[in-house]
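There are 2 protein chains.
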Amino acid sequence: MATQRILDFLATRRPNGPCLVVDLDVVRDNFCAFEKALPDSRIFYAVKANPAPEILRLLASLGSSFDTASVAEIEMALDAGATADRISYGNTIKKERDIARAFDLGIRLFAVDCVEEVEKVARVAPGARVFCRVLTDGEGAEWPLSRKFGCVPTMAVDVLRHAHGLDLEAYGVSFHVGSQQTDLTAWDRALADAGRVFATLAEEGIVLKMVNMGGGFPTRYLKDVPAAQAYGQAIFGALRRHFGNRIPETIVEPGRGMVGNAGVIKSEVVLISKKADNDNVRWVYLDIGKFGGLAETMDEAIRYPIVTGRDHDQMAPCVLAGPTCDSADVLYEKTPYPLPLTLTIGDEVLIEGTGAYTTTYASVAFNGFEPLRSYVI
Amino acid sequence: MATQRILDFLATRRPNGPCLVVDLDVVRDNFCAFEKALPDSRIFYAVKANPAPEILRLLASLGSSFDTASVAEIEMALDAGATADRISYGNTIKKERDIARAFDLGIRLFAVDCVEEVEKVARVAPGARVFCRVLTDGEGAEWPLSRKFGCVPTMAVDVLRHAHGLDLEAYGVSFHVGSQQTDLTAWDRALADAGRVFATLAEEGIVLKMVNMGGGFPTRYLKDVPAAQAYGQAIFGALRRHFGNRIPETIVEPGRGMVGNAGVIKSEVVLISKKADNDNVRWVYLDIGKFGGLAETMDEAIRYPIVTGRDHDQMAPCVLAGPTCDSADVLYEKTPYPLPLTLTIGDEVLIEGTGAYTTTYASVAFNGFEPLRSYVI
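Protein sequence lines correspond, in order, to chains W and P. Under full-length UniProt numbering, think of the first position of the first sequence as 1, with each following residue one higher. Under full-length UniProt numbering, think of the first position of the second sequence as 1, with each following residue one higher.
Read the hints as simulated data drawn from the structure, not as lab findings.
As the list makes no split between identical chains, a pair holds if one copy fits it or if it spans any two.
Under the rule of at most 16 Å between Cα atoms (straight-line distance), these lysine to aspartate or glutamate pairs were calculated in the EDC-like manner:
#1 LYS274 to GLU333
#2 LYS274 to ASP158
#3 LYS95 to GLU370
#4 LYS95 to ASP347
#5 LYS95 to GLU348
#6 LYS95 to ASP287
#7 LYS209 to GLU169
#8 LYS275 to GLU116
#9 LYS274 to GLU119
#10 LYS275 to ASP158
#11 LYS274 to GLU116
#12 LYS95 to GLU268
#13 LYS209 to ASP193
#14 LYS275 to GLU333
Quick caveat, the model's predicted, so the values are computed rather than measured.
Please take these sequences and the hints and turn them into a complete structure.
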């Protein structure tokens with residue numbers, strides 16, 4: 001996944017310290033793959049995955065829309081050339097003054113998941129469109145979601161009815177099946193729930209128009225175009241099944257799927273040691289860890305591919321840890337990571353699939369280490 | 001724990017958005033309490049806990065020494081007025097070029113926990129003092145340490161012997177009993193291990209001089225001076241027991257104990273909602289969460305006291321979450337947090353005991369939210 005362009009950049013520039021390099025060609029390919037797999041859906045890139053201006057400008061120029069989590073992200077998307085009608089304020093947790101600011105900036109599409117949030121929107125963004133997030137069970141996802149966002153489908157009916165009553169446009173339903181979701185029946189179950197919300201409100205004369213299917217598209221399907229199309233077809237089939245011949249507009253919000261495989265982190269082995277002479281695992285310490293950008297290794301949820309210059313040598317399991325004086329800054333310990341026995345202090349390693357959810361997760365200055373630098377090429 | 005000075009500052013300045021306010025008077029009190037409780041130990045403040053320049057300057061002026069994790073922290077301590085002989089490079093995971101840079105800056109005291117690290121120090125910091133970190137079991141601590149730092153005591157003997165052979169000064173042993181350690185026998189066990197390392201090397205003519213007892217002193221003991229003195233006496237007793245009448249110099253490295261209770265985070269309730277009509281817990285969303293500075297709520301390890309203006313009203317359990325679009329950004333869910341039933345969107349809450357491990361843990365810009373602002377008064 002380290003493209004030739006990334007390898008050339010690293011070989012030529014030889015940046016000091018850990019850094020992320022993102023290849024825009026891969027982002028472009030991903031955008032096209034999404035368009036091909038889901039030709040009838042609008043693509044709202046989840047800005048939080050990687051808000052680098054170069055990425056936002058590329059996607060804006062390709063016609064992408066943008067899912068944002070804060071006023072700052074709205075401003076970034078606008079700065080990148082997106083018009084306000086291509087931006088949604090997708091965070092269900094918003095201060096009323098931030099909703100007002102977004103409305104001033106032209107934003108008309110807001111996520112909600114309760115009556116209380118609807119009332120904020122109604123007060124400061126009159127007439128805006130709202131979509132209600134519905135809870136899904138997240139089964140089958142590599143990074144399952146908690147119950148933090150969304151409400152049960154029966155409550156979504158109340159929420160959207162309340163919005164309608166406050167002269168907002170009850171616009172649709174959203175869900176998120178969990179990150180890297182590979183179980184297609186998860187989409188089917190969520191679309192069935194969405195279909196029931198549509199049907200219930202339609203009986204009262206409230207006609208919803210949109211289903212926001214969120215993110216969760218596994219990156220690996222995208223590289224394989226037939227698989228991506230099969231994915232799209234499965235989703236289309238589920239829409240047909242649950243909405244009949246009144247298929248609504250659909251939105252998708254890829255984040256990791258758009259930029260995850262476009263980025264590679266270059267890191268350096270700082271130390272290799274054992275804790276006792278008879279230990280059977282080595283400890284390998286890198287110059288990047290949980291607080292330097294690899295927060296998603298939390299609970300060892302995401303297991304990044306790691307490439308070294310010695311991968312043809314014999315491998316043995318290691319505990320992999322970051323460079324800070326924090327004992328929680330361990331990347332992989334429960335399931336040790338196989339690395340070459342010849343790995344040496346000072347070696348460079350490439351951590352692949354790190355284009356999403358790394359740079360902005362980095363801490364400001366924990367232990368005095370500077371945040372992860374990023375190069376978008 | 002919100003002092004009158006902090007309350008006055010918040011009432012007068014009314015800062016917008018979440019922020020940390022640290023009262024330097026409390027830091028001064030804590031420093032004096034440590035001096036009183038452990039009159040024979042040198043105090044090395046763990047800079048990583050909170051590197052605000054005002055805190056470092058105060059502690060430097062009070063005569064504190066400094067435990068640092070990186071070259072950047074060394075530079076901060078020097079800038080604050082500490083001389084190089086009052087600074088240790090306490091991270092066992094260091095790039096060789098960073099050791100060289102520290103040596104250039106005058107640093108002569110380095111932590112190690114393996115032969116490989118000793119060799120780096122010997123190459124670029126000739127003649128420096130090294131102390132070897134020994135693994136402890138961390139039992140009884142609220143924030144137990146993994147095996148990330150240190151080696152078993154028998155290996156520490158080899159490591160220090162190796163240092164001696166490379167013309168470094170084999171200076172001592174360090175350990176860390178785990179954060180907020182309340183079990184005094186943990187100190188006794190660790191000091192027994194340290195004593196055995198001293199004795200074994202003394203037989204070979206290598207005379208260690210120092211025991212670095214790390215941090216882990218529970219804040220609550222400090223407020224109560226008799227208890228702090230009892231703590232000091234228990235440690236002194238253990239030293240006497242394991243070192244006889246050749247008690248070594250001792251170092252302590254308080255971080256949380258020095259600044260934790262000096263800081264209060266002001267936050268705002270962004271949303272209160274339920275996920276279903278029949279849910280028995282409310283979800284309360286604050287404008288600060290795991291990625292905005294409260295990283296230590298990871299696995300609900302640290303449970304901060306939260307004060308609202310309605311605490312005289314009836315309380316009921318809540319799930320408490322942060323404002324980002326990340327489902328992992330939940331502070332307390334497994335053990336819901338009791339908050340007043342009358343709590344309302346827009347209310348201000350104070351999160352106490354947040355002076356340590358908050359500002360620098362904050363992410364750079366996750367979801368577009370700015371890092372935690374900090375005022376030191």
